[in-house]
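Enquirer: Sequence:
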Amino acid sequence: MQKMDGMNYAPRSAKLVERVVQAGEFRFAVIGLDHGHIYAMANGLLEAGADLAWVYDEDPTKVDAFLRSYPQACVAPSTAHILADETIALVASAIKPSHRCELGLAVLESGKHYFCDKPGMLSIPETQKVKEACERTGKRYFIYFGERIHVEGALYAQKLIEEGALGDVVSVTILAPHRLNKGSRPSWFFNPEENGGILVDIGSHQLEQFLTYTNSHSAKVLHSSIANYHNPDHPGFQDYGQCVLVGETGATCYFRVDWFTPDGMGAWGDGRMFIVGTKASVEIRKYLDVAGSRQGDHVYFVDEQGEHHIEAYGKLGFPFFGAMILDCIQGTEHAITQRHTLLAMELAINAQQNATNLSSANRMP
Numbered sequence: 008m009q010k011m012d013g014m015n016y017a018p019r020s021a022k023l024v025e026r027v028v029q030a031g032e033f034r035f036a037v038i039g040l041d042h043g044h045i046y047a048m049a050n051g052l053l054e055a056g057a058d059l060a061w062v063y064d065e066d067p068t069k070v071d072a073f074l075r076s077y078p079q080a081c082v083a084p085s086t087a088h089i090l091a092d093e094t095i096a097l098v099a100s101a102i103k104p105s106h107r108c109e110l111g112l113a114v115l116e117s118g119k120h121y122f123c124d125k126p127g128m129l130s131i132p133e134t135q136k137v138k139e140a141c142e143r144t145g146k147r148y149f150i151y152f153g154e155r156i157h158v159e160g161a162l163y164a165q166k167l168i169e170e171g172a173l174g175d176v177v178s179v180t181i182l183a184p185h186r187l188n189k190g191s192r193p194s195w196f197f198n199p200e201e202n203g204g205i206l207v208d209i210g211s212h213q214l215e216q217f218l219t220y221t222n223s224h225s226a227k228v229l230h231s232s233i234a235n236y237h238n239p240d241h242p243g244f245q246d247y248g249q250c251v252l253v254g255e256t257g258a259t260c261y262f263r264v265d266w267f268t269p270d271g272m273g274a275w276g277d278g279r280m281f282i283v284g285t286k287a288s289v290e291i292r293k294y295l296d297v298a299g300s301r302q303g304d305h306v307y308f309v310d311e312q313g314e315h316h317i318e319a320y321g322k323l324g325f326p327f328f329g330a331m332i333l334d335c336i337q338g339t340e341h342a343i344t345q346r347h348t349l350l351a352m353e354l355a356i357n358a359q360q361n362a363t364n365l366s367s368a369n370r371m372p
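Per my numbering, the very first residue in the sequence shown carries number 8; after that it's consecutive.
Simulated from the structure, these hints should not be mistaken for lab results.
On a predicted model such as this, the values are computed, not experimentally measured, just so you know.
One should not assume that every hint holds.
Straight-line alpha carbon distances no greater than 25 Å define the calculated SDA-like cross-link-like pairs of lysine to any residue that follow [to be verified]:
no., residue 1, residue 2
1, Lys286, Lys322
2, Lys138, Leu349
3, Lys136, Glu340
4, Lys189, His106
5, Lys166, Glu54
6, Lys22, Asp277
7, Lys166, His315
8, Lys103, Arg19
9, Lys22, Ile317
10, Lys69, Asp58
11, Lys322, Leu333
12, Lys166, Arg292
13, Lys103, Asn198
14, Lys103, Asp92
15, Lys136, Ala87
16, Lys166, Asn222
17, Lys189, Pro67
18, Lys227, Phe281
19, Lys166, Glu314
20, Lys22, Ala330
21, Lys69, Asn198
22, Lys166, Gly284
23, Lys166, Glu340
24, Lys322, Glu170
25, Lys103, Leu187
26, Lys227, Leu350
27, Lys189, Thr268
28, Lys103, Leu74
29, Lys166, Ser20
30, Lys103, Pro67
31, Lys322, Tyr307
32, Lys138, Arg346
33, Lys138, Gly118
34, Lys22, Arg34
35, Lys189, Asp277
36, Lys138, Glu201
Taking CB as the label site, the calculated pair distances span [unchecked claim]:
no., residue 1, residue 2, range
37, Thr363, Glu255, 22 to 30 Å
38, Asn361, Ala30, 43 to 51 Å
39, Leu365, Gly273, 23 to 31 Å
40, Pro84, Glu255, 46 to 54 Å
Just so you know, even glycine gets a beta-carbon here, dropped at the ideal spot from N, CA and C.
Construct the entire structure; sequences and hints are all you get.
Expert: Structure below.
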């Protein structure tokens with residue numbers, strides 16, 4: 008598994024994965040290959056026992072590349088062909104962000120569940136349309152928040168919180184740098200109208216984590232800001248963003264997202280998280296330990312008993328995907344609730360829309 012490029016980061020479980028369905032019991036299709044996260048999404052579904060039936064993208068080159076990794080998939084002639092197939096339970100998609108909601112609504116109306124890459128929506132009206140469609144159809148609209156559900160260190164921290172080891176969570180701080188790899192990015196990546204802007208795109212990961220770790224069902228953005236510090240050739244692009252918010256319990260969050268990972272970094276970003284509870288605190292080093300271990304998923308935990316270093320890699324696997332499949336089959340909400348998913352996107356959109364622009368042209372004299 009390569010870790011140098013976040014766009015093509017596709018984890019596979021190092022732990023024996025529980026297959027929650029038998030062969031042929033849960034068939035899914037893929038529509039839209041614009042972002043490499045679709046490989047991670049497919050990996051998770053396949054490991055949990057789902058069957059990949061179809062793939063479709065307008066670009067045959069992308070389809071050919073996908074088939075090299077997943078030769079079991081058949082090439083569909085169109086989106087409509089997949090939507091008409093009543094044997095398909097779920098459609099997974101990494102179509103470009105500005106098309107994700109439109110496709111998702113069509114998927115729901117066809118009687119299928121939808122699992123798309125983040126961000127799943129780019130505007131508040133889109134979140135409302137999704138909410139109404141889910142209620143009307145009884146189908147689910149899942150989003151791939153991979154910085155939690157596909158990171159064992161993040162899942163281990165969640166386990167500690169759920170077991171009560173931290174007490175009440177009062178503060179979450181998230182540092183989420185990413186590698187730009189400018190030359191390999193498509194044009195839509197640099198256009199906020201097409202990707203939502205930095206706080207919607209990669210900020211949505213962080214907001215979802217805060218809601219999870221604090222068990223918050225509502226939250227308020229207190230401050231947000233964005234900037235383009237180092238990419239004047241793409242004037243609409245944002246390479247830096249930050250946000251402060253508070254949840255219903257009074258727990259606070261600060262997160263920073265940026266596209267400034269240095270070339271010498273051995274992963275696409277030195278993702279860090281610091282969680283403070285009333286009984287203990289924890290730090291997660293997600294993708295590596297700088298100048299130390301190349302392996303990620305380091306959890307540093309301090310409580311009344313002492314200091315602990317847990318190497319979480321291979322300990323938990325990625326249970327989200329199996330739980331998501333069972334939610335689709337059983338009508339439950341164990342993997343993630345629809346309300347939680349929509350709230351994460353609503354907060355990200357509000358943070359983006361109300362952000363102060365710190366770029367040089369907007370600075371105070």
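Enquirer: All hints, please: hold or fail.
Expert: Hint check results:
no., hint, in the structure
1, Lys286 - Lys322, "holds, 24 Å"
2, Lys138 - Leu349, "holds, 8 Å"
3, Lys136 - Glu340, "holds, 20 Å"
4, Lys189 - His106, "holds, 22 Å"
5, Lys166 - Glu54, "holds, 21 Å"
6, Lys22 - Asp277, "holds, 23 Å"
7, Lys166 - His315, "holds, 15 Å"
8, Lys103 - Arg19, "holds, 24 Å"
9, Lys22 - Ile317, "holds, 16 Å"
10, Lys69 - Asp58, "holds, 20 Å"
11, Lys322 - Leu333, "holds, 22 Å"
12, Lys166 - Arg292, "holds, 16 Å"
13, Lys103 - Asn198, "holds, 11 Å"
14, Lys103 - Asp92, "holds, 23 Å"
15, Lys136 - Ala87, "holds, 21 Å"
16, Lys166 - Asn222, "holds, 13 Å"
17, Lys189 - Pro67, "holds, 23 Å"
18, Lys227 - Phe281, "holds, 20 Å"
19, Lys166 - Glu314, "holds, 17 Å"
20, Lys22 - Ala330, "holds, 16 Å"
21, Lys69 - Asn198, "holds, 21 Å"
22, Lys166 - Gly284, "holds, 14 Å"
23, Lys166 - Glu340, "holds, 18 Å"
24, Lys322 - Glu170, "holds, 16 Å"
25, Lys103 - Leu187, "holds, 17 Å"
26, Lys227 - Leu350, "holds, 11 Å"
27, Lys189 - Thr268, "holds, 12 Å"
28, Lys103 - Leu74, "holds, 20 Å"
29, Lys166 - Ser20, "holds, 17 Å"
30, Lys103 - Pro67, "holds, 16 Å"
31, Lys322 - Tyr307, "holds, 15 Å"
32, Lys138 - Arg346, "holds, 8 Å"
33, Lys138 - Gly118, "holds, 15 Å"
34, Lys22 - Arg34, "holds, 23 Å"
35, Lys189 - Asp277, "holds, 18 Å"
36, Lys138 - Glu201, "holds, 21 Å"
37, Thr363 - Glu255: 22 to 30 Å, "holds, 25 Å"
38, Asn361 - Ala30: 43 to 51 Å, "holds, 49 Å"
39, Leu365 - Gly273: 23 to 31 Å, "holds, 29 Å"
40, Pro84 - Glu255: 46 to 54 Å, "holds, 48 Å"
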